[in-house]
Amino acid sequence: MRQPSFHLHNVRLRNKLLMLYVLCVFIPILLTNIIFYNVTTHNVERQKTEDISLNLDKLKDDFRASVDNAVGISSVFYTDSLLNEVLEQRYEETIDFVRVYNNQVSANVNKYNSVYSEIKSVQLYTSNPTILDSGGMHPLTDVIRETEWYRKLQKLHREGQPYPLVTRSGGSDALFSGISIIRQLNYFDHPSSFNKLLKIDLNPDAIKQLFKNQALQGKLYLLNGEGDIEYTTDTQVDWTRGHTNFRTVPVPKDGMVLERTYTVNYLQGWRIVLVSDSHVLDAVRKSKEFVVYLALVNILLPTLIIIWISHSLHARLVRILVHMKKVKNQNFELIGEPESKDEIGQLTREFNRMTVQIKSLIDDVYIADIQKKDLELKQRQSQLNALQSQINPHFLFNALETIRMRSLMKQENETAKIIKNMAKMFRRSLEWGGDWVTFRDELDLILCFLEIQKYRFGDKLSYHFEVDESVYNCKIPKMTLLPFIENASIHGIEPLQGQGTIELKATRMGDLLRFTISDSGIGMPREKVALLNAYMTNGDDVSEHVGMKNAFLRLKLYYGSSIDVRIDSEDGSGTIVTITMPVQPNL
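Under full-length UniProt numbering, think of the first position of the sequence shown as 1, with each following residue one higher.
Check before you lean on any hint, since a few could be wrong.
Pairs of lysine-lysine residues, derived as DSS-like cross-links and limited to a Cα-Cα distance of at most 25 Å, are as follows [said to hold, decoys possible]: (1) K475 / K460; (2) K478 / K460; (3) K48 / K60; (4) K58 / K48; (5) K208 / K111; (6) K48 / K359; (7) K16 / K48; (8) K219 / K208; (9) K208 / K155; (10) K475 / K549.
Don't read these hints as lab results, they were simulated from the structure.
Generate the whole structure from the sequences, applying the supplied hints.
What follows is the structure in structure tokens.
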């Protein structure tokens with residue numbers, strides 16, 4: 001059969017190591033870093049965008065709150081019947097107007113300047129010729145009628161729009177002096193009414209302070225419904241005179257543009273636009289540099305380590321190969337290499353040993369052959385013994401399982417349950433690795449034992465567990481509590497004439513575990529209790545209760561003087577065993 005053109009066995013060890021590095025280290029690290037780079041930069045950019053969006057939303061809400069305050073004030077004037085009467089009244093003498101103004105108008109017109117810091121002034125305009133130009137009240141002159149804001153207001157009035165006009169205070173031809181809310185006071189109008197206007201100017205410093213938000217890195221633009229700039233923080237745009245449309249403003253290609261649009265009727269179409277430059281994404285670029293540096297470290301460091309390890313493997317294997325070729329030519333030169341404990345070092349030692357043995361076989365081949373066969377025979381015998389030692393426990397498990405299945409087939413469920421508990425106890429005692437188990441495993445073993453005892457005693461025996469949730473996963477020495485439970489069952493409950501109960505309580509108090517095992521059995525005389533406590537304290541020997549004695553000895557070996565075991569009992573009053581031990585840290 002023709003062998004495939006490529007086979008891994010035909011690749012040299014150095015090339016295999018190179019393939020191992022490229023396929024298992026370099027490519028996975030490269031892909032991992034690319035994914036990590038994309039995910040990290042995306043998350044940083046998304047977080048930065050979210051932060052800017054939140055601040056932009058706050059700016060939008062704050063500006064609208066300022067405008068809403070002024071609109072609310074305008075609504076108060078709009079529905080003020082007393083003010084309407086003052087503006088509609090014709091005054092025969094100047095003193096009449098002054099008296100009415102001081103008594104009914106002055107306080108209402110001027111009070112809002114001190115209450116709202118964003119309100120610069122409140123101005124009233126009327127075509128009533130008998131009203132003086134003073135104290136926030138002005139005649140509606142031809143100069144006012146020529147202003148842009150007046151023409152816009154009249155357009156709204158002709159269109160039947162009831163909401164106020166929001167526009168730049170100084171008009172399109174004047175320097176920026178804030179934002180004005182202008183309203184036609186026509187709520188109580190009748191055919192002979194005068195033309196009455198309310199103009200509330202917002203403080204330009206308050207607007208500048210509002211848009212001077214350090215958290216928003218970029219240039220802010222406040223646009224009206226036509227897209228003209230009403231205010232901006234961009235110092236390179238000459239927007240204070242005339243109409244400057246936002247479409248004429250250059251936007252950087254690598255920047256970011258976010259905008260928030262108002263939908264309320266008096267700000268319909270107004271927008272706040274943020275144009276960020278490349279500095280906003282500096283954090284993203286810094287994260288990119290960090291990812292690149294991390295990728296270089298992740299690639300270079302494993303590369304150097306693999307080169308170092310591969311050199312250690314390749315050089316020594318080549319040396320062994322060279323000496324093997326010498327052996328083929330009957331040159332039994334040993335490899336003179338310092339002692340090493342890895343597999344290649346073991347291979348080197350075995351090669352040297354093999355070389356010596358091959359050389360000795362020339363002189364004594366038969367003796368070496370006999371010794372080799374004897375060694376193989378001993379190894380096979382040891383394997384057979386090990387196999388036999390494994391058969392017996394498995395045979396017993398299988399036998400118990402067979403008896404349990406037979407009991408189930410005969411509907412002897414209680415017998416099957418007891419056999420299952422016996423097999424479980426036997427298997428658990430053999431399979432537990434190490435000397436430490438969780439309290440949950442110990443409790444499972446105790447439950448199996450008590451179920452077997454309950455099968456023996458019937459209703460004579462009952463048991464109850466009370467365990468803190470934090471105790472279940474605590475580590476304790478194996479078979480710590482079972483001897484005490486067994487002692488309570490055999491020496492306490494079994495001789496009892498009536499029913500008996502075994503209770504187990506497990507609690508945790510800081511760094512201490514406390515187990516209380518109590519039974520309602522026949523109890524013990526005080527003299528025997530004193531002897532047992534003396535043994536638990538001083539180690540005085542006792543002839544009975546060997547299981548409890550061995551359990552205490554094991555606890556003493558594990559915990560030393562930190563273990564405390566106390567026994568309380570009287571004749572006919574049952575027995576209480578209290579075991580206190582420190583919480584064992586994770587093993």
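These are the hints, each one checked on the structure:
no.: 1; hint: K475 / K460; result: 32 Å, violated
no.: 2; hint: K478 / K460; result: 28 Å, violated
no.: 3; hint: K48 / K60; result: 18 Å, holds
no.: 4; hint: K58 / K48; result: 16 Å, holds
no.: 5; hint: K208 / K111; result: 23 Å, holds
no.: 6; hint: K48 / K359; result: 77 Å, violated
no.: 7; hint: K16 / K48; result: 46 Å, violated
no.: 8; hint: K219 / K208; result: 13 Å, holds
no.: 9; hint: K208 / K155; result: 29 Å, violated
no.: 10; hint: K475 / K549; result: 21 Å, holds
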